[in-house]
Amino acid sequence: MLGVVFLALAMGLSAQTPPPIPMECPDLSETERQEIQTLAGAGGLDTDAAHYAAAYCVAHAEARRRLEIQNRDAIGPQEEPGPPPPPPPDSVAALMQRLQAEEAETFAGMWWQHQPDYRMIVAFTRDAEATLRQYTADPLFEARLRPGPTEAEMLAEQARLYDALSAHGAVSVMSGPDIMTGRIEAHVSGDIERIEAARASGALQIADFVDLIGPPPLRFATPPPPPADIANPVRAFPRARHRYIGVEPAILRTGRIVLEDGCLRLEGERRNLVILWPEQAALDLSTEPGAVRVFDRMSGAAIRAGETAVLGGASGPAGETEPAIDEDPACPGPYYRVTSASSYAEFEAARLEQDAERIARERNVSLAEARREVAARRSRDAQLRALAERLEQDHPDAFGEAWVIDGRAQVYLVPGRIAEPDALVPPDLRPFVVFDEARAAKAPLQAQVDRLVEAMEAAGLDAMATANPIQGRVTVNAPDIPALSAAVTRGDVVLPDHVALVGSGALPFGGYVEGAMEAEDRLNEAAPDLARMRTLIEATPIRAIHAGGEADGPDMRPSRASSLQIARDLVGLGFTADEVARLKAAGADPVRAWVDENGFATPASRAILSDAVVVAEVIAVDPRDPDQDGFRSTVRFRVVEPLKGELAPDEPFAVRFVSGFDPDGAFHHGAGDPAVLPGLQGFDPGSRWLLTLTQGFYARQARFAGGSPRPSVYATFREPAKVVGDNVEPTYFGEPERSLDALRREIAPVQAAVHGHGGR
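Residue numbers (our numbering): 1 to 760.
Treat the hints as calculated values from the structure; they're not laboratory data. Any given hint could turn out to be false.
Derived DEER-like restraints, expressed as beta-carbon distance ranges [claimed, not checked]: (1) P216 with G549: 48 to 54 Å; (2) G599 with P649: 33 to 39 Å; (3) E737 with G599: 18 to 24 Å; (4) V513 with D422: 54 to 60 Å.
Idealized CB from N, CA, C, for every residue including glycine.
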């Protein structure tokens, strides 16, 4: 399988002026219409008002007035310590909160009315006018009588609706309360007549104000059967049991549909999964002898076996338990679930025409000229893909990956294995090709993946593996990580070098406590030197993009609101104003370092924020150590080499990680954590790691989980990076490969500043 990835993306073209806003407003004067178009490019509220004015056919000034009214609820960024202020007393939110609390028995909801008059409608099930006037005389609010359920009753019914329908075999695809009508429309899949019968008999208990809406009727008839003398080459045609409606998963994938052993499958790199078609799909053998076509009776789209199709559906196999009909053991799962399918050729033609229309509009050129440009770009795409395929075939020890996007190619090669890469590119294509470095060649890495997947399948593991030549590693996605660890430990599975586990994004054990972040803010604001800390922060120039300026603008000073949040964060990390002042004087600025965590962090800036940076060796791992600090495992290290901080060589210390087992035995793997189970190339005893350690960040995370930190224990401020020899390997989230010696040189000034000026 070729390692060329073609992304059908349209690159945005910068326009000199914004395109005109579509507007059909005959009652507006030409002057008013021109003002709307002019202010559409002004930015901020003027741009928002221009779009509102065009949508509701009002003058720009009136549109701006209305948006300013709606912005009454906005309280702006907080500039002073203390709880966030309540919404202004004349705001919509303040009135809604009072009515929900004090008039729940009759309050039916609120909504904006934009035409014919601009009003906030306030609905009640009875005594509407009298009730509203007890709270406000503002003419913006208009009382309305809306009999039926209250807002509270509708929300309560909505909350229980999914489970009630699921208990009777219905899948609630989309539902929501309409407070204007007092009805809930529940779009459901399944046998709507049976569901309605259950409701009529009382077996299905749902409120009278719920309207059940079944799938729409099919728009196209089932294709006729083939002539009697034509045999059906398809042994099974599994389809989803329910016809899904509303918003469906629509992860686009292109793939070739193949007929293999009587089963329609999606062609894959290693195996071809049987396709689970949507309920409305029908098999069509009537077009010509031997032809197999799948016809969508809802959309009218048709694709043939052997054709490349654009598929909408889930991001992976549907599994053995997907509710299905027309199954047959001859075509077993796991399935690849498809919710829509169409011809790639037709899809591509439509996409290219849309590109041409956009170019014509934005560049103010004719559609014919735009089509010629799109055709030229498409032709160059084909040449670039062919070039990438030749490089992969002719140089398997060097080729890593290639991305072809809108007439340009980025090709990744292993350094040093092709002397002059540019010489392999035809002269007319050289302006459109950029070479970059891959850490591994695709072919041998993919061979490792194939062997690994075969071994995992033989061991009965439900796991996937993919090659990442750019980062030089194999990524493994194993839902049951303990089972994978056991298989590796037994010798049933041998992992290749440089494996990274896909994390489940595990939250702290027990989750985050409600209100914890608010409580953390109050705790940090209680620092006695907070005011001085803010003064130091507000005197610190930071990148313009972090202070509300342009990305390439000169440094700016933080606002009062920014200084409050930065001060909270630095206090939470354990800094004092005296410490910040000393470090700033020494050239190791914690303020700048903290702000630069947003996209501009370096090893040196992270060293400023940490208690210690060390190369350390794993002594022992306890993956079953959940505690009220929210962490599940403890890894014990000894210092091999301190780069920053007070930890001494050979000194032992402990680090907490969110990965590990809950008390009930469930295992969780945090994104970016090295593996805490044996055999998975993570924290194996004897392995060495670059660790950025912090007790302040650990204590803060423990408080978020509602617990307390363990004494003399750290968390890592950023991902641990494995150290092999003098090499610090890249991390899961893309920290680049570095030499340990380069890191020593980068962090040494921070250590000197800390020791010379009494910092941490």
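Hint check results:
A beta carbon spacing of about 51 Å between P216 and G549 agrees with the range 48 to 54 Å that was offered as a hint. G599 and P649 have their C-beta atoms about 34 Å apart, which keeps the hinted 33 to 39 Å range intact. Distance hint check for E737 and G599: the Cβ-Cβ separation is about 20 Å, which falls inside the suggested range of 18 to 24 Å. Checking the proposed 54 to 60 Å range against V513 and D422 shows it holds: the Cβ atoms sit about 58 Å from each other.
Hint compliance for this structure: every hint is met.
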